[in-house]
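Visitor: Single-letter residue listing:
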Amino acid sequence: MHDAIKHIFLCCLFFVITLGTYLFWRYIQQRTQRLLVNPLLFSLLSIVALLVFSKTSYQNYMLGGQFLSAFIEPAVVVLGYPLYLQMQNIRKQWRLLTVLCTLGSLTAITSSVLLTKLFGAEDLIIRSISTLSITTAIAMEVTDRLGGSSALAALFVMVAGVSGSVFGLLWLNFLGIKNPMARGVSIGCASHALGTATIASESSVSAAYSSTALILTAIITALLVPVFVPILLTF
Amino acid sequence: MLIFFGLLQTGIIEAEKIQFFATQFIQYMPIVFLPVCVGIIEYGDIIQTFGIKLLIIGITATFTTLTLVAVIANKAMDDPSTNNQSINNSPKQPSDHA
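Residue numbers (our numbering), protein chains in the order written: chain A, 1 to 235; chain B, 1 to 98.
Bear in mind the hints are in silico, worked out from the structure with no lab data behind them. There's no promise every hint is true.
Cβ pair distances, simulated, as ranges [as the list claims (entries may be wrong)]:
hint, chain 1, residue 1, chain 2, residue 2, range
1, A, S149, B, I3, 30 to 36 Å
2, B, E16, A, E122, 52 to 58 Å
3, A, R95, B, Q9, 16 to 22 Å
4, A, R145, B, F20, 40 to 46 Å
5, B, E14, A, Q66, 30 to 36 Å
6, B, F20, A, L23, 15 to 21 Å
7, B, V71, A, L13, 45 to 51 Å
8, A, D144, B, F20, 36 to 42 Å
9, B, E14, A, F24, 31 to 37 Å
Computed from a predicted model, the values in this text were never measured in an experiment. Here a beta-carbon is modelled for each residue, glycine too, at the ideal position from N, C-alpha and C.
One chain only, chain B, in its complex shape (with noise of 0.2 Å):
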């Protein structure tokens, strides 16, 4: 990937060229990662004994993460596409005055 992305940047790949190729790939990219998840068959028993457990702390986890980093996120970077935030924002301030 970061050689790929290298070759974009020194412009020895044009970007033009495969724009329409690479959209269309990241449009349908999770079904390469399906045949890799099929893999959870494999653990059959671990996800016996421990399953619902070891599933709650994993998607906690993720959502813990998920959470704190996005909120941070959201709060120390502007939006590039200004119209999104500024149209999410103008209705709150309003209100918060009021």
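Only chain A is shown next, with the shape it has when bound in the complex (with noise of 0.2 Å):
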């Protein structure tokens, strides 16, 4: 009986803590009007600190977080909306969206692969480093398969995610880069879902091409990956 009310307990407990700190970040976010200050990767901080230093484990964190994960599917489902607003012009342009993601990927997988050899790291990163700029379900099924290990491959997955989602939008105002369709696509190839829920309230034009985007990187990063690996690995 004590268990379980202790186990509710942390349930409520970690669910508060983790909507409340997002909002709090949010909300200081548009009071600064900064994007550095980026709600995702100050929560995420401040939560694996307090996890930290409380010695609490990630098993019981999930107790709360698993109803926020639960959302992941039909947060994902949802964007199926501005990709329906957008269909006229992503019709139109197919093509030149294909063209665009399998660069995208060759980019991503190029660069990674060769940088992991530069830093001379072992062949099991190597293996699980080349889907990074995909989804975590699909590049864990690709890693696993190349023989590489799948829990690392979720971690390079979350590098390129937050990476993307934190400095990205920044990066691109940076470059002078305007054009809502060409910051969804790159983001959606380079940062996939996160990437694309962060785009996402910056534009609805964004979202869409960003969704377009990491759909098609997935599909042919899975493709090209157990292909292109072994080559690059025998330089």
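Grab the two chains, each in its own frame, and use the hints to assemble them into the complex.
Guide: This is the structure in structure tokens:
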């Protein structure tokens, strides 16, 4: 009985903490009007710090966190809405979009694998990094078949997603890329669903192009990695 | 997502009806990924041994991809809300000629 109460308490506690932390940082960002105060990154750091200091395990945290994670799939589904709004344009440009995503996919694979080799990391890491720009589920599956570690693959996917969400929009501003289509495609291609979630609140055009790019890139990368990475490994 | 898109496209779900819900939900979307991201604390040892290097590699690869695709896409696609781009381009053109 006691355990059950404790269980329910942890569920509520971590759910409220996660929600509260995010809303807090979002509020701060809106008050300060600075893109760099990214609510996702700051909430992530706050929660990780809290868990480490209180010596709470990730399993215990997920008792509450799972209620939010359960919405990942519905969230991705809702992205079908901006896609629907932009379909007229996207249908006309599908060839160009495929070329762009193939290019992006090749760049992500080549640069990540070659850089890892350059840093002299072991084979397992090289085999786990090439799928960093695609959505976690597919990345883990592809990496597993390639003989890499799917846990590591998930970690790299996260690095790509978080860095793209946090600094991606600033970087695009810095490059002077204003076209919402170009912003969307590049973010979707490099930072999958996490980047898309971030750019979706900026513009619905970007959201649609980002969603298209993340689907195309995931498919193309899943096809290219098994062929391309073994070739890169022989260099 | 594709099924949902199909239902919208065929008019089985009416886009106007879900507009409010969809736009609100998208505004707060990153939060659903937060608990999964907190999962990095599970990889403590890997991060301690290789951490910074892997972070640098991951970020470099991501931004190389981002930059390349963004620059090419920006050249290849016309801005639909042309105001944005024409405002952006017009001050440049005179200076090019000068």
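Visitor: State for each hint whether it applies.
Guide: Against the structure, the hints:
For the pair S149 (chain A) and I3 (chain B), the supplied restraint of 30 to 36 Å holds, since their beta-carbon distance comes to about 32 Å. Judged by the Cβ atoms, the range 52 to 58 Å given for E16 (chain B) and E122 (chain A) holds: they are separated by roughly 55 Å. In this structure the hint that R95 (chain A) and Q9 (chain B) lie 16 to 22 Å apart at CB holds, the actual value being about 20 Å. At about 42 Å, the CB distance of R145 (chain A) to F20 (chain B) agrees with the hint of 40 to 46 Å.
In this structure the hint that E14 (chain B) and Q66 (chain A) lie 30 to 36 Å apart at CB holds, the actual value being about 32 Å. At about 20 Å, the CB distance of F20 (chain B) to L23 (chain A) agrees with the hint of 15 to 21 Å. Remark: the range hint 45 to 51 Å for V71 (chain B) to L13 (chain A) is upheld by a beta-carbon distance near 46 Å. For D144 (chain A) paired with F20 (chain B), a C-beta distance near 41 Å keeps the hint of 36 to 42 Å intact.
The hinted window of 31 to 37 Å between E14 (chain B) and F24 (chain A) holds, with their beta carbons roughly 36 Å apart.
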